[in-house]
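A.B. asks: Quick note, the first sequence lines up with residues 1 to 442 if you use UniProt numbering.
Since the hints were made in silico from the structure, they are not lab data.
From the three backbone atoms N, C-alpha and C, an ideal C-beta is built for every residue, glycine too.
Hints are not guaranteed to be accurate.
Under the rule of at most 30 Å between Cα atoms (straight-line distance), these lysine-lysine pairs were calculated in the DSS-like manner [what the hints assert, rightly or not]: (1) LYS223 / LYS326; (2) LYS271 / LYS259; (3) LYS291 / LYS271; (4) LYS286 / LYS307; (5) LYS307 / LYS271; (6) LYS233 / LYS256; (7) LYS286 / LYS271; (8) LYS77 / LYS29; (9) LYS233 / LYS286; (10) LYS287 / LYS307; (11) LYS73 / LYS120; (12) LYS256 / LYS325; (13) LYS314 / LYS259; (14) LYS223 / LYS45; (15) LYS223 / LYS286; (16) LYS223 / LYS287; (17) LYS329 / LYS307; (18) LYS233 / LYS290; (19) LYS46 / LYS259; (20) LYS223 / LYS46; (21) LYS307 / LYS325.
If you anchor each label on the Cβ, the simulated ranges turn out as follows [said to hold, decoys possible]: (22) SER249 / TYR11: 36 to 42 Å; (23) ASP242 / TYR11: 41 to 47 Å; (24) GLY357 / GLU117: 39 to 45 Å; (25) LYS246 / PRO336: 32 to 38 Å; (26) SER255 / TYR293: 24 to 30 Å; (27) GLY80 / PRO280: 55 to 61 Å; (28) THR19 / ILE301: 17 to 23 Å; (29) THR362 / LEU288: 54 to 60 Å; (30) LEU93 / SER249: 50 to 56 Å; (31) ARG359 / GLY244: 29 to 35 Å; (32) LEU93 / ALA317: 31 to 37 Å; (33) GLU117 / GLY80: 23 to 29 Å; (34) ASP242 / GLY283: 15 to 21 Å.
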Amino acid sequence: MLPITIREITYNSVETTKTVSHCILIADKGGKHVLLTHPNLFLYKKTQSSLSTSRRYASIVSMFYRFLSTQSKMKGKELGVYHHLVDNRDIMLWQVQRQVDRLEGQSIKPNSETIYEDAKILLGYFHWLNEQGFVTNVQVGLRTWRANFKSKRMLSYIQVKAKVKIDANNIRVLDKKSRQRQSDFLITEGEIKLLLESYVDPVYRCIFNLALGTAMRPMDLVKFPFIGNRANKHILSYSEMDNGHKTTSYTVYESKGNKDRKIVINMEDLKALEEHYITPYYGERKKLYKKKYGHSCPPDILFLNKKGEPVTEKMIASRTNDAKKKSMKVDPTFRPHLSFYQTRHWWPTQHIIATFGERLLTENLEVMYLATAQAIQNQMGHEDIETTYKHYIDMARVIMMVHRGHSLDLIKAPALSVGQFITSLSLPTGIAKPDFSLQEAG
DNA sequence: CAATGTTGTTTTGATCACAC
DNA sequence: GTGTGATCAAAACAACATTG
1 MLPITIREIT YNSVETTKTV SHCILIADKG GKHVLLTHPN LFLYKKTQSS LSTSRRYASI
61 VSMFYRFLST QSKMKGKELG VYHHLVDNRD IMLWQVQRQV DRLEGQSIKP NSETIYEDAK
121 ILLGYFHWLN EQGFVTNVQV GLRTWRANFK SKRMLSYIQV KAKVKIDANN IRVLDKKSRQ
181 RQSDFLITEG EIKLLLESYV DPVYRCIFNL ALGTAMRPMD LVKFPFIGNR ANKHILSYSE
241 MDNGHKTTSY TVYESKGNKD RKIVINMEDL KALEEHYITP YYGERKKLYK KKYGHSCPPD
301 ILFLNKKGEP VTEKMIASRT NDAKKKSMKV DPTFRPHLSF YQTRHWWPTQ HIIATFGERL
361 LTENLEVMYL ATAQAIQNQM GHEDIETTYK HYIDMARVIM MVHRGHSLDL IKAPALSVGQ
421 FITSLSLPTG IAKPDFSLQE AG
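Sequences are here, hints too, so could you generate the full structure?
C.D. replies: Dropping the structure here:
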């Protein structure tokens, strides 16, 4: 198979005279590096607004080109004409091939859904080529075609193609398995405590707490400053900005989809941040940063890891994954699907509980929606929150019922920081060790 | 016309090889 | 063992379209 590498590049576009960033594909042909012209043009034109998108599209086109290179019809053909020779059938074959590979590997992924989604993106590429006047044999009008992997005929076809022995699992079963997850219910206090204990580096513990308290996404958290600028000039370390107010506002810039929004932060959460991260670690880590990068750490970077490297989204995700595995070892009831992003459900749910208390169980949905939708929308940065909102209401109701005896604690929760809130509850399951407290962080 | 589904885009998460 | 970057996968989100 033809090796293709993906590179991210940043340069000044001649067309717009602006700086653009996107991915490009480079093939390795017998030691020579060959740029894939058409895919790269596509990536330049269509994916310069977000690197994440660029990475995703690049990896799909790359996968497809690698698949093509194994097909007999492309034998001896130049890379530059691949797009010209491809037709809809090749895209179908690619989808089938991925399914075959999956069976062969006895793997649960990629599932049919992903295969289908990826094929749609690929069609987007060919659609663009057609639009630009590059000749291809792909008719995008047929873009709703989807391999019916559940039909008997298709299934037996795929099973014959997968040469390795197949056990009783057919695709239908595999598909089901991949969707098997334990309930997506809100992370419990016990799970939070255990997870926080499992992080090796305390910086992640603090980021997690801040996430619970603010519903910020990882991409926003890593940009949280030591000293803010623009609308966030007032953000300083807690002791410098302590003015008796319970909350402060913070503007999140360039969040998902390049949107800004203004959120509320509880001062107690900032206090916890100072106590558990800034005072004990920040100074020392700043020095490491300076040593490493040759210049001092700018005030808009707050979160640094043990080595003085700025924390990124990826690091948060993989550290949390490690912490989760560790937690599952300690307590087998710790649910495997929990991830850092779960913190985002915490805020709206607690907000609803705090606002309505016992009334949650009697009041009708519309009334509650009107009363809290705006606040949740602002904090979470959603345009249309209705569907999600109902989910949160349900979640809040269940929690309310489970915690009936604790309803008073819950109602006074908004006055508490996340740390105080968690420690104020007695744990239903006894998951966490009783003497653990967030005050010990570090 | 609201509920539900589709499509396109943008994000987070998992895994694995590798360095220390 | 821990941490990391590269790569692949999945989920989330938003705008729009369809259905009942």
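A.B. asks: Look at each hint and say if it fits the structure.
C.D. replies: Evaluation of the provided hints:
1. LYS223 / LYS326: 27 Å, holds
2. LYS271 / LYS259: 28 Å, holds
3. LYS291 / LYS271: 28 Å, holds
4. LYS286 / LYS307: 9 Å, holds
5. LYS307 / LYS271: 24 Å, holds
6. LYS233 / LYS256: Roughly 22 Å separates the two Cα atoms, so the pair holds.
7. LYS286 / LYS271: 20 Å, holds
8. LYS77 / LYS29: Cα-Cα ~12 Å, so holds.
9. LYS233 / LYS286: Answer holds: LYS233 to LYS286 is near 21 Å, not above 30 Å.
10. LYS287 / LYS307: 10 Å, holds
11. LYS73 / LYS120: Within the cut-off at roughly 23 Å; holds.
12. LYS256 / LYS325: 28 Å, holds
13. LYS314 / LYS259: 21 Å, holds
14. LYS223 / LYS45: Within the cut-off at roughly 28 Å; holds.
15. LYS223 / LYS286: 16 Å, holds
16. LYS223 / LYS287: It holds: about 19 Å lies between the C-alpha atoms, which stays within 30 Å.
17. LYS329 / LYS307: Cα-Cα ~27 Å, so holds.
18. LYS233 / LYS290: Holds - the C-alpha atoms of LYS290 and LYS233 are around 24 Å apart, at most 30 Å.
19. LYS46 / LYS259: Between LYS46 and LYS259 the Cα gap is close to 19 Å, so the pair holds against 30 Å.
20. LYS223 / LYS46: Cα-Cα ~26 Å, so holds.
21. LYS307 / LYS325: 23 Å, holds
22. SER249 / TYR11: 36 to 42 Å: 37 Å, holds
23. ASP242 / TYR11: 41 to 47 Å: 46 Å, holds
24. GLY357 / GLU117: 39 to 45 Å: For GLU117 against GLY357, whose Cβ atoms are near 42 Å apart, the range 39 to 45 Å holds.
25. LYS246 / PRO336: 32 to 38 Å: 37 Å, holds
26. SER255 / TYR293: 24 to 30 Å: Cβ of SER255 to Cβ of TYR293: about 26 Å, so the range 24 to 30 Å holds.
27. GLY80 / PRO280: 55 to 61 Å: Between GLY80 and PRO280, where Cβ atoms are some 58 Å apart, the hint holds.
28. THR19 / ILE301: 17 to 23 Å: 21 Å, holds
29. THR362 / LEU288: 54 to 60 Å: Holds: the Cβ-Cβ distance is about 55 Å, inside 54 to 60 Å.
30. LEU93 / SER249: 50 to 56 Å: Roughly 54 Å apart at Cβ, these two residues keep to the hinted range, so it holds.
31. ARG359 / GLY244: 29 to 35 Å: 30 Å, holds
32. LEU93 / ALA317: 31 to 37 Å: 34 Å, holds
33. GLU117 / GLY80: 23 to 29 Å: Cβ of GLU117 to Cβ of GLY80: about 28 Å, so the range 23 to 29 Å holds.
34. ASP242 / GLY283: 15 to 21 Å: Once the Cβ atoms are compared, 20 Å apart, the range 15 to 21 Å for GLY283 and ASP242 holds.
Hint compliance for this structure: no hint is broken.
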